[in-house]
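Going line by line, the protein sequences match chains A and B.
For the first sequence, the positions run 1 to 577 when the UniProt record's numbering is used.
For the second sequence, the positions run 1 to 577 when the UniProt record's numbering is used.
It should be emphasised that the hints constitute simulated quantities derived from the structure, not laboratory data.
For glycine and all other residues, C-beta sits at the position ideal for the given N, C-alpha and C.
Treat the hints loosely; a few may be bogus.
Derived SDA-like pairs: lysine to any residue, alpha-carbon spacing no greater than 20 Å straight-line [what the hints assert, rightly or not]:
{"hint": "1", "chain 1": "A", "residue 1": "Lys565", "chain 2": "B", "residue 2": "Pro516"}
{"hint": "2", "chain 1": "B", "residue 1": "Lys107", "chain 2": "B", "residue 2": "Ser138"}
{"hint": "3", "chain 1": "A", "residue 1": "Lys499", "chain 2": "A", "residue 2": "Ile446"}
{"hint": "4", "chain 1": "A", "residue 1": "Lys564", "chain 2": "B", "residue 2": "Ile519"}
{"hint": "5", "chain 1": "A", "residue 1": "Lys553", "chain 2": "B", "residue 2": "Ile519"}
{"hint": "6", "chain 1": "B", "residue 1": "Lys553", "chain 2": "A", "residue 2": "Ser240"}
{"hint": "7", "chain 1": "A", "residue 1": "Lys4", "chain 2": "B", "residue 2": "Met330"}
{"hint": "8", "chain 1": "B", "residue 1": "Lys220", "chain 2": "B", "residue 2": "Asp422"}
{"hint": "9", "chain 1": "B", "residue 1": "Lys358", "chain 2": "B", "residue 2": "Gly163"}
{"hint": "10", "chain 1": "A", "residue 1": "Lys189", "chain 2": "A", "residue 2": "Ser93"}
{"hint": "11", "chain 1": "B", "residue 1": "Lys4", "chain 2": "A", "residue 2": "Met339"}
{"hint": "12", "chain 1": "A", "residue 1": "Lys576", "chain 2": "A", "residue 2": "Glu561"}
{"hint": "13", "chain 1": "B", "residue 1": "Lys553", "chain 2": "A", "residue 2": "Arg461"}
{"hint": "14", "chain 1": "B", "residue 1": "Lys499", "chain 2": "B", "residue 2": "Asp422"}
{"hint": "15", "chain 1": "A", "residue 1": "Lys499", "chain 2": "B", "residue 2": "Pro391"}
{"hint": "16", "chain 1": "B", "residue 1": "Lys553", "chain 2": "A", "residue 2": "Lys189"}
{"hint": "17", "chain 1": "A", "residue 1": "Lys564", "chain 2": "B", "residue 2": "Pro516"}
{"hint": "18", "chain 1": "B", "residue 1": "Lys565", "chain 2": "A", "residue 2": "Ile519"}
{"hint": "19", "chain 1": "A", "residue 1": "Lys4", "chain 2": "A", "residue 2": "Ser93"}
{"hint": "20", "chain 1": "B", "residue 1": "Lys4", "chain 2": "A", "residue 2": "Glu332"}
{"hint": "21", "chain 1": "B", "residue 1": "Lys553", "chain 2": "A", "residue 2": "Arg241"}
{"hint": "22", "chain 1": "B", "residue 1": "Lys195", "chain 2": "B", "residue 2": "Glu221"}
{"hint": "23", "chain 1": "B", "residue 1": "Lys564", "chain 2": "A", "residue 2": "Lys576"}
Coverage of chain A stretches by chain B, computed from C-beta distances (three or more under 8 Å per stretch; other residues unrestricted) [claimed, not checked]:
{"hint": "24", "region": "18-25"}
{"hint": "25", "region": "31-44"}
{"hint": "26", "region": "203-215"}
{"hint": "27", "region": "308-321"}
{"hint": "28", "region": "460-474"}
{"hint": "29", "region": "518-525"}
{"hint": "30", "region": "552-560"}
Each pair of labels, with its calculated beta carbon distance range [to be verified]:
{"hint": "31", "chain 1": "A", "residue 1": "Arg517", "chain 2": "B", "residue 2": "Pro381", "range": "31 to 39 Å"}
{"hint": "32", "chain 1": "A", "residue 1": "Thr254", "chain 2": "B", "residue 2": "Ser385", "range": "30 to 38 Å"}
{"hint": "33", "chain 1": "A", "residue 1": "Asn338", "chain 2": "B", "residue 2": "Ser93", "range": "26 to 34 Å"}
{"hint": "34", "chain 1": "A", "residue 1": "Ser501", "chain 2": "B", "residue 2": "Gln437", "range": "36 to 44 Å"}
{"hint": "35", "chain 1": "B", "residue 1": "Glu559", "chain 2": "A", "residue 2": "Asp133", "range": "55 to 63 Å"}
{"hint": "36", "chain 1": "B", "residue 1": "Ala69", "chain 2": "A", "residue 2": "Asn338", "range": "24 to 32 Å"}
{"hint": "37", "chain 1": "B", "residue 1": "Pro344", "chain 2": "A", "residue 2": "Ser409", "range": "34 to 42 Å"}
{"hint": "38", "chain 1": "A", "residue 1": "Lys576", "chain 2": "B", "residue 2": "Arg517", "range": "50 to 58 Å"}
{"hint": "39", "chain 1": "A", "residue 1": "Thr156", "chain 2": "B", "residue 2": "Arg61", "range": "57 to 65 Å"}
{"hint": "40", "chain 1": "A", "residue 1": "Glu571", "chain 2": "B", "residue 2": "Arg517", "range": "21 to 29 Å"}
2 protein chains.
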Amino acid sequence: MSGKIVGILGGGQLGRMLAASASLLNVKIVILDAGENGPAKQVIAPPAPHLSHIDGSFTDREKILELAAKVDVLTVEIEHVDVTALEKIQSSSQRPLEIHPSPSTIKIIQDKFRQKEHLAAHGSPVSEFVPVDSTVESLHTAAQKLGLPLMLKSRTLAYDGRGNFVIRELAQAEEAIAALGGRPLYAEKWVPFVKEIAVMVVRTTSGDVQSYPVVETVHKENICHLVFAPLRSRDPGLFSRVRSIAENAVRSFTGAGVFGVEMFLMENGNIYVNEIAPRPHNSGHYTIEACETSQYENHLRAILSLPLGSPALKVPSSVMLNLIGHSSSMSEIIETTNMALTTPGASVHLYGKAECRKGRKMGHITLVAESDAELRARLRPLLASLPSSSPEELDLYAPVPPVPGSGFSNRDPLVGIVMGSDSDLPVMLAAARILDQFTVPYELSIVSAHRTPDRMVEYARSASTRGLRTIIAGAGGAAHLPGMIAAMTALPVIGVPVKGSTLDGVDSLHSIVQMPRGIPVATVAINNSTNAGLLAVRILSAGIPSLITAMEKYMNAMENEVLKKVDRLEEVGWEKY
Amino acid sequence: MSGKIVGILGGGQLGRMLAASASLLNVKIVILDAGENGPAKQVIAPPAPHLSHIDGSFTDREKILELAAKVDVLTVEIEHVDVTALEKIQSSSQRPLEIHPSPSTIKIIQDKFRQKEHLAAHGSPVSEFVPVDSTVESLHTAAQKLGLPLMLKSRTLAYDGRGNFVIRELAQAEEAIAALGGRPLYAEKWVPFVKEIAVMVVRTTSGDVQSYPVVETVHKENICHLVFAPLRSRDPGLFSRVRSIAENAVRSFTGAGVFGVEMFLMENGNIYVNEIAPRPHNSGHYTIEACETSQYENHLRAILSLPLGSPALKVPSSVMLNLIGHSSSMSEIIETTNMALTTPGASVHLYGKAECRKGRKMGHITLVAESDAELRARLRPLLASLPSSSPEELDLYAPVPPVPGSGFSNRDPLVGIVMGSDSDLPVMLAAARILDQFTVPYELSIVSAHRTPDRMVEYARSASTRGLRTIIAGAGGAAHLPGMIAAMTALPVIGVPVKGSTLDGVDSLHSIVQMPRGIPVATVAINNSTNAGLLAVRILSAGIPSLITAMEKYMNAMENEVLKKVDRLEEVGWEKY
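So that you can see chain A by itself, here it is in the shape it has in the complex (with noise of 0.2 Å):
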C-alpha cells in the first residue's frame, strides 16, 4: 500500500497488533524491541536481509538510530522512549524521514505535569494540579490549595497506576515521597469520578481528527480490566460532548497517528481529560472487531498519510477483558482462554510473551454481543473463571433480574414497558410474559403523561442512549402517553390501548392511533399487550436475526395447536367438543 518503510520503537503487544494491522497492507515494519523474539517480531518477518529487526532498548540511542537508517517513519508503541535521540534525528536527518507523533507531543506527553499545562493552556478540561517537590511542606502547601485527599503523582515513567500515591491525611507524606522514590512529583486534586471513560482518536499528518466511539474502560488495582463499547448513558448530550473534547485535546498536538484519550465522568455529567497516551491503547483494542476499522490500522494510515478507514462500530455491543498474570504461572490465562474458546462472539488475542508475570499483560479476549444483555451473559462466565475475581466484583455481573420472569427490570433492557397508572399493570403483563418466553431483556415501570411529565421526559429522551430499541407505551382514556414518547425519542413506540370503564377502549384507540404527520406510533389492539410484545420482538428482529427464527417457531406453534383442536373436533364431534 505504501512503498514506505515503518520502524517501530517497542515489541510488545501493541507493536504486535500494529504488526498484523501492516501485514494486511503489505507495509514494510522493523522493530527495535530488546526481546529477541518478543510479541511483535513473532508475527512480522523482516522485510529484507539488510532490513532486520533489530535487538535492543527503544530508550538506547545507539539503536534508535540504527533503526532510523532503515527506515521511512518512525513510529512508537510506548511513549517512554529517547525522546531525545528522536528530536536529534528530526533536526539531523539527510533524507525525509518522518517521526509520529512528533517528538514535541512525545516529549510533552511523557511528562505528566507539562501534558497538564499543555491540556489547560489549550482549553482542555483537567482537574487542578499544582507542581511539587520532595518535601513534606511542598504536599503541605498542595494540600491547603487541592484539599484532602489528594494524588500525588510521578511526572515521567508512570503508568498502570505505577507512580501514583493517594495522600489522604497528610501524616502519610513522607511515606509518599518515599514510595515514588525520588521521581519528579506533581499533585493533582481528587476526582471523585462517577465512570471512566475514553476516546480513541486518530489525527492525520495534515492535523484533520477522528474519533472512534465513547467507551467505558474499568480498572483493577490500577490496570485496565474491562472496557464496554459503546458507553450507555442516560444523558443524551454526553457523547458529543465528549467526543468533541477528545478531539480538541488532540487537535493540541503534533504529529499522526491515533491517541488514547482517558477521561473521567463526574455525577453531574462534567468532564475531566485524565491523561492522553500518543499511540494505539488498551482501551482501543476492541476496534480489532468491533469497528470498520481498527486503531492499529487507522495509526498506520494516519503516519502514512493514507486515508483514514470508519471508526463506526459494526457489531451493537462489544467488550474487552484484559488477561492479566496471576502469577508465573500461565494456568489461569489458560483457563479464562479455554472458557473463551466455549463463548460465542469470543476472540482470544494471546500475546506470545516467554514468560508471565504478577500484572502482566499477556493477552485479552474481546467479545462481540447482539445486545448489552448477551454480551454481559457471555462475559459472566470469563469473569467467573479469573482467580481475581472478587464475589462483589462477580455480583456486579451477576443477571439482573437473577430469576427470569421473576417480575424485576433487567439491567441492560432492549425494550422499555411503560403505563400511565398501575391499574393498566394486569394488561400490559402480557407484554412483559411474551418477552419472557423470546428472553428478550427488558424493563417494567409507571410514566404517566399527566401525572409524571418530567419523569415521562427524561425517560423517553434518554431512551436510546441507554441503549433501549423500542418502546412499549400502554394507556386509556385520553392515553397520550404513547404519542408524547415518541414525540421525544426516535425509537419506534407501541401503543396499547387500554379499554377504560365507558367507551369500550375505543377512547384510547382512537387517541393512540391517530397522531398527526411526523409522529407514528405503532398501534395493536384495544388491551392487546401480548400482540405488544409480539411487535417489539419483530421489530428487535431488524438488528437480531435470530429472533426470526424464534418467531417463526412461535408462529408454527401457533398453527399447531389449532390443528390439534381441528384433530380433537374430527375426533370427538362437535356436540361433544
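Please arrange chain B on chain A, whose structure you already have, making use of the hints.
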C-alpha cells in the same frame, strides 16, 4: 492454547491467514513451502531455532518427512500434496502424529472422479458423470449418455477452471483431449445452474460438523471473483436444504478441519454438489470480518481438538472481492486497494506475494455493511476500478433505481410497500417519499389479499429470506392485507388504513388494528402513510443505529418549522397570518 505444534503443507495466502489466526491463539506453526519468504512465512516466526520453517515443495516426500518430524499435527492449505508421503507417515510414525484432514480424504478429493463417486455413494446430489479415456470414441460414448454440451474434466491437479473443457459439439473432441493434455479425464453432464453457492463446513476430530452461512459465489474466467454472504433467496426453505447437503457431504469424509463445499443451485431449487476443498477456501475469506469465528481459526480449533467457535454472522451483509493479477504489474491491484482505503467497511488483505502475474490471487477485500444496498453501493466503485470489469458487469451492480425517487423499486430493498389496489397509490406514495428522504431502499407493488391471494402468500413467505426487514401494507374497507401478511412472515408489518368512500376509514382502521392475539400489526392513523414510512425508519434503527441520528434530525427540523411559524405569528399577528 495448545502445546501442539502444527505443520502446514503449503505457505500461500491460505497458509498466511491460518498463521495469522494461529498467532492470536499462540499456536506454534512450522511451514513447508518452496518460497523462502512466501506469504505465510512472512507473518509467523518459527516457534524455536530448531523448529524453523522449511523451504521446499509440499510434493517433495523428503521435505514432508522433515516437516512431520518437527510437529504434532499436520495439515494442508492445498490438496495437491504428496498424499503417499502422508499415508506412509500415518502408518509408520513412531509417536502420536495427527494428520488433518486424513490422507484418505485428501486422496479421494485429489481425484475429482473418485470424489464424485464418493459423494454419489454417500447420497450427495451430484450431476451425472462417466469415466472417459483420452479417445474420441470414449467422448462420443459419454456424449450419448450425458448429452451436449458436456464438461470434460481433468481428474487431477485442476483448479480455477484449469483442467476443464466445455464440449459443445462432438467435432471439438480432439481439441478437448489435446487441451487437457494427457491427464486422466472424466466427463460430467452440463449443469445449467442459476447460481453458484458455497458453504464452509467445519468437522471436529470426533466427526461433528457445523456450517457457516450459505453464500453466493460469482466466478469470472473460472476464478472466484465475488462472494456474497449471506445468500438471499425467495425460497424460504433453501438455506436449511443447502446446509444439510453440505454437512452430509462433509460427514462422509474422515479427519478434521474446515471443508469448502461448492454447489450449483438450479432454477427449480435443486442443488448439486460441484466439488469439495478439504481446507480453508476462498469462499470463506469473508468469515474473518463477518463471522464470530473465522474459518481459519475454526480450522485450527478443529485439528487441535479445541472447541469450535460460533460460525454465525456478526454483520448484516458482506462481500469478498478477489484481487486478481491483471498483468505483471501491481499497479491495478494498488489502484483498487487505494479505492478500498476510502470505502467504509472495507478491509484490505494483501498477500505479500513477490510477483504479480495475470490470474494470480494477490489479495482480497472484504466489505461489510448494514444492508445489501449499502454493500453494493460500497462495492461498485471497487469494481469500477478493476481493469477487468466490463460495462455489462458494472451494469449488474449499477444502482437500481438509477435515480433515487424515480419511482422504481430498489434491487435490494429493506422495506416492502404493498397495497391492495392501485387506487391506494396516492395515499401510499407518502411512505415512499419518506423512505427516499432517509435513503432507505424499498420496493413498492400491488399485492391484493382477495384478488391475488397466491401472490400474497409468496410475497409474505419469502419476505425475510429475500432480505426485507419490515413491510408496509395499505388497505381499505375489509382491509385484510396487513393482517394476512403478518400471519405469514415473522417481520414487523405496518398497517395503513386507507379511507374508503363509506365509513370514513374506520372500517379499515378496525380491520387492521384489531388483530387476534398472536399476530400483531403495527397500525398507524387513517391514510397516514407518512407515519408508516417514519415508523419503518424507526424500526430499521434497531439494526442501523445511524437512523436514530437521522430521525432526530428530522424531528428537530419539524420542531424548527413550527417555531418559525410561532415567530411569524408574533411578527405579523394572527389577523394577518
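Cβ separation of Lys576/A and Arg517/B, checked against the hinted range 50 to 58 Å
26 Å, violated
Verdict for Pro344/B, Ser409/A (Cβ pair) under range 34 to 42 Å
Check passed, 36 Å falls within 34 to 42 Å.
Counting residues of the region 203-215 of chain A that have a beta-carbon nearer than 8 Å to any beta-carbon of chain B, does the count reach 3?
Check failed, 0 qualifying residues.
Between Lys4/A and Met330/B, does the CA-CA distance stay at or below 20 Å?
Roughly 16 Å separates the two Cα atoms, so the pair holds.
Could you grab the alpha-carbon distance between Lys358/B and Gly163/B and see if it respects the 20 Å cut-off?
17 Å, holds
Starting from Lys564/B, check that the Cα of Lys576/A is at most 20 Å away, please.
Not satisfied, since the Cα-Cα distance of roughly 70 Å exceeds 20 Å.
Distance restraint evaluation - Thr254/A, Ser385/B, Cβ atoms, bounds 30 to 38 Å:
34 Å, holds
Given the hinted pair Lys195/B and Glu221/B, is their alpha-carbon gap at most 20 Å?
Holds. Lys195/B to Glu221/B sits at ~15 Å (cutoff 20 Å).
Verdict on chain B covering the region 518-525 of chain A, where coverage means 3 or more residues with a C-beta closer than 8 Å
holds (count 8)
How about the region 31-44 of chain A: do at least three of its residues have a C-beta closer than 8 Å to a C-beta of chain B?
holds (count 5)
Quickly compare the C-alpha distance for Lys499/B and Asp422/B to 20 Å and report which way the hint goes.
14 Å, holds
Sort out whether Arg461/A lies within 20 Å of Lys553/B, counting only the CA atoms.
14 Å, holds
In the structure shown, a violation is registered for the earlier hints numbered 2, 8, 10, 15, 16, 23, 26 and 38, in ascending order.
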